[in-house]
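A.B. asks: With the hints as extra help, turn the sequences into a complete structure.
Protein chains: 2
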Amino acid sequence: MNAITLRHLRYFEALAQHGHFGRAAEACAVSQPTLSVQIKELEAILGAALVERGARRVRLTDLGEALAARARDILQRADDLGDLARASCGPLTGPLRLGVIPTVAPYLLPAVIKTLAARRPGLDLRPREAVTRTLLDELAAARLDAAIVALPVASPGLSATPLLTEAFLLVRPVADADRPVPSAAALRAMRLLLLEEGHCFRDQAIAFCAAGGAPREMMEGSSLSTLVQMVGAGVGVTLIPEMAAPVEARAAPVAVARLAPPQPTRVIGMVWRRTTPLAEQLRQIADIVREAASARA
Amino acid sequence: MNAITLRHLRYFEALAQHGHFGRAAEACAVSQPTLSVQIKELEAILGAALVERGARRVRLTDLGEALAARARDILQRADDLGDLARASCGPLTGPLRLGVIPTVAPYLLPAVIKTLAARRPGLDLRPREAVTRTLLDELAAARLDAAIVALPVASPGLSATPLLTEAFLLVRPVADADRPVPSAAALRAMRLLLLEEGHCFRDQAIAFCAAGGAPREMMEGSSLSTLVQMVGAGVGVTLIPEMAAPVEARAAPVAVARLAPPQPTRVIGMVWRRTTPLAEQLRQIADIVREAASARA
DNA sequence: TGGCGTTCATAGGCTCAGGCTATCGTGACG
DNA sequence: CGTCACGATAGCCTGAGCCTATGAACGCCA
Numbered sequence: 025m026n027a028i029t030l031r032h033l034r035y036f037e038a039l040a041q042h043g044h045f046g047r048a049a050e051a052c053a054v055s056q057p058t059l060s061v062q063i064k065e066l067e068a069i070l071g072a073a074l075v076e077r078g079a080r081r082v083r084l085t086d087l088g089e090a091l092a093a094r095a096r097d098i099l100q101r102a103d104d105l106g107d108l109a110r111a112s113c114g115p116l117t118g119p120l121r122l123g124v125i126p127t128v129a130p131y132l133l134p135a136v137i138k139t140l141a142a143r144r145p146g147l148d149l150r151p152r153e154a155v156t157r158t159l160l161d162e163l164a165a166a167r168l169d170a171a172i173v174a175l176p177v178a179s180p181g182l183s184a185t186p187l188l189t190e191a192f193l194l195v196r197p198v199a200d201a202d203r204p205v206p207s208a209a210a211l212r213a214m215r216l217l218l219l220e221e222g223h224c225f226r227d228q229a230i231a232f233c234a235a236g237g238a239p240r241e242m243m244e245g246s247s248l249s250t251l252v253q254m255v256g257a258g259v260g261v262t263l264i265p266e267m268a269a270p271v272e273a274r275a276a277p278v279a280v281a282r283l284a285p286p287q288p289t290r291v292i293g294m295v296w297r298r299t300t301p302l303a304e305q306l307r308q309i310a311d312i313v314r315e316a317a318s319a320r321a
Numbered sequence: 025m026n027a028i029t030l031r032h033l034r035y036f037e038a039l040a041q042h043g044h045f046g047r048a049a050e051a052c053a054v055s056q057p058t059l060s061v062q063i064k065e066l067e068a069i070l071g072a073a074l075v076e077r078g079a080r081r082v083r084l085t086d087l088g089e090a091l092a093a094r095a096r097d098i099l100q101r102a103d104d105l106g107d108l109a110r111a112s113c114g115p116l117t118g119p120l121r122l123g124v125i126p127t128v129a130p131y132l133l134p135a136v137i138k139t140l141a142a143r144r145p146g147l148d149l150r151p152r153e154a155v156t157r158t159l160l161d162e163l164a165a166a167r168l169d170a171a172i173v174a175l176p177v178a179s180p181g182l183s184a185t186p187l188l189t190e191a192f193l194l195v196r197p198v199a200d201a202d203r204p205v206p207s208a209a210a211l212r213a214m215r216l217l218l219l220e221e222g223h224c225f226r227d228q229a230i231a232f233c234a235a236g237g238a239p240r241e242m243m244e245g246s247s248l249s250t251l252v253q254m255v256g257a258g259v260g261v262t263l264i265p266e267m268a269a270p271v272e273a274r275a276a277p278v279a280v281a282r283l284a285p286p287q288p289t290r291v292i293g294m295v296w297r298r299t300t301p302l303a304e305q306l307r308q309i310a311d312i313v314r315e316a317a318s319a320r321a
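Protein chains in written order, with the numbering used here: chain A, 25 to 321; chain B, 25 to 321.
If you are wondering where the hints come from, they were derived from the structure by calculation, not from laboratory data.
Warning: the hint list may mix true and false statements.
Stated by the list, open to error - Partial list, derived from the structure: chain B residues whose beta carbon lies under 8 Å from chain A: (1) A72; (2) E76; (3) R94.
Said to hold, decoys possible - FRET-style restraints, in silico, Cβ to Cβ: (4) A:L175 - B:L149: 35 to 43 Å; (5) B:P115 - A:S179: 49 to 57 Å; (6) B:P115 - A:S246: 53 to 61 Å; (7) A:A53 - B:Q56: 31 to 39 Å.
Claimed, not checked - What the simulated footprint calls covered on chain A by chain B, stretch by stretch (three residues with Cβ under 8 Å from a Cβ of chain B suffice, anywhere in the stretch; the number is not a length): (8) 26-32; (9) 64-77; (10) 97-103.
Bear in mind the structure is a predicted one, so any value in this text is a computation, not a measurement.
Every residue gets a Cβ at the ideal spot worked out from N, C-alpha and C, and that includes glycine.
C.D. replies: Written as structure tokens, this is what we have:
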């Protein structure tokens, strides 16, 4: 019998993921018999069963599970070879899949796109917006090249570099503009509007306000823009990151105030798979993003 | 263009190693045009040159060097998948390529072979004898599954487990049998017969005798057997490991004496690639070897 | 219990990737 | 300047791998 090929591993990895020959075949863009035969051949090469063909469902054997893990690793490394070649051709060109969290994307991306277009003409930026958890998962699966999120990220396989640090600002109805800026403790007594679950900015805001106190009655919105509009309508107050202020505060009858020290802040950074061959290129991209961010201010 | 295959990587790795299309092709058991075409295709897929076709010799580009390193890694991992399957089938079966240093092999292997044959009927032991440096290189290149050498080994990619500790014994002409056992310092005044360069036992013997003193006039032999025969001929004295004594001392008119404490000793152990899927099986093999060694005593 | 649907395996046929031999182009070297 | 060494190219051939069609096994439900 012949040797193992990457094709075997790709098909098997798909089967491991879907637990179903037909769907795995579809994911690989081949017919079910094609995938079936290749899996069978892989089992013949290894001399052991990888899957238990149950009537309604396919389950991996222990060996199958072990193999799936290693197969993923090998496929990942093989796919990285393409990036290795790209990285060796001077400044980065071609598609760059960049994830950005929603509380950063609308405020930072325009400047980033503009600056990158000027500084990296051959680059084809493909931004994607999602919450941190999603972005990190996509990164790990190599469906993204890099992501811009709030640091720190506690993920073993990733490298990160900070891009900027920004304060959280208080947004309240314009009628309150002349009142003294409330302390964190005082904030706790007000109706605070927050983003939905999953947004890191929500957690950071809660951490600041609720430090030492129980979480209070709040309301949720799906974007900073929504929150500010609701504040303008007198529903309550909210916090927004500094970079959102120029855009959002202009669009509603609200007043923006800097909080008293110690001001809450967040660090925005760029992360990528530690093992990507594009690391050096991404560091350069991070430099350009940093530049774009400070020029924008 | 199509995707990268393991075949591409195998051919390229061979080319990187040989720096010559013809010889690389030969190593891969294909014709030179076949390999040429595949290399060209790999370059097309990556969109960059991997080799500079010089007139008399082929040199890798920087990218080529980087790729070769990664290719080796990927091929290694792919080859490990076979072992992964073997390891999942209960007790180890099939070929086991075991390297052994020359100062251990003749004394330990007979017992090991006998015991392994009884305890692991399906196992096909393929012993190979070479000095430590060679064995470790072969291990790293995965041309050996495990090796029995003197510990410690300072090699990052390897795991080790001790098998036994044994003393060094003094071998001198039978006429000297009644003399007091010389100290390490006194040994320095005698003509000491040693193995050739490369044998770890030589270095250990020197380390013991020459501790604190300059190395002295010595003579070299290519095996412990030779050394003992020379001692029997009255040429000088030598040290041998304990396990060699029963065999070697019987074959010449020599007397074997235990040195005064602190006796020099060496630790014999088994090593393997840290990442081999056979690790657990090899640990069991080590247990059996340990058993064989102590039963033999 | 028998018909039906779902799912994986098998069969048969086709196409092109990848192999070989033969030959060419080029630079080094005597 | 002829020759040699070496890699590239051309042309052909075989089989790996794909597809469609169909079989076989099993669960489900009437």
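A.B. asks: Taking the least C-beta to C-beta distance, is B:A72 closer than 8 Å to chain A?
C.D. replies: This hint holds: B:A72 lies near chain A, its Cβ roughly 5 Å from the closest one there, short of 8 Å.
A.B. asks: Return holds or violated for the Cβ distance of A:A53 and B:Q56 against the range 31 to 39 Å.
C.D. replies: holds, 35 Å
A.B. asks: So does B:P115 sit 49 to 57 Å from A:S179, Cβ to Cβ?
C.D. replies: The hinted range 49 to 57 Å is violated for B:P115 and A:S179, with Cβ atoms some 39 Å apart.
A.B. asks: Against the range 53 to 61 Å, how does the distance between the Cβ atoms of B:P115 and A:S246 compare: consistent or not?
C.D. replies: About 59 Å separates the Cβ atoms of B:P115 and A:S246, which means 53 to 61 Å holds.
A.B. asks: Taking the Cβ atom of A:L175 and the Cβ atom of B:L149, is their distance within the range 35 to 43 Å?
C.D. replies: With Cβ atoms ~54 Å apart, the hint is violated.
A.B. asks: Under 8 Å, Cβ to Cβ, is where B:R94 needs to be relative to chain A, so tell me if that hint holds or is violated.
C.D. replies: Given a least distance of 6 Å, the restraint on B:R94 holds.
A.B. asks: For the segment 64-77 of chain A, do three or more residues have a beta carbon lying closer than 8 Å to a beta carbon of chain B?
C.D. replies: holds (count 4)
A.B. asks: Count residues of the segment 97-103 of chain A with a Cβ under 8 Å from any Cβ of chain B, then say if the count reaches three.
C.D. replies: holds (count 4)
A.B. asks: Examine the segment 26-32 of chain A: at least three residues should have C-beta closer than 8 Å to a C-beta of chain B.
C.D. replies: holds (count 5)
A.B. asks: Does B:E76 hold up as a contact with chain A if the rule is Cβ-Cβ below 8 Å?
C.D. replies: Not OK, violated: B:E76 not within 8 Å of chain A, min 14 Å.
Going down the numbered hints, you'll see the structure goes against 2, 4, 5, while the others check out.
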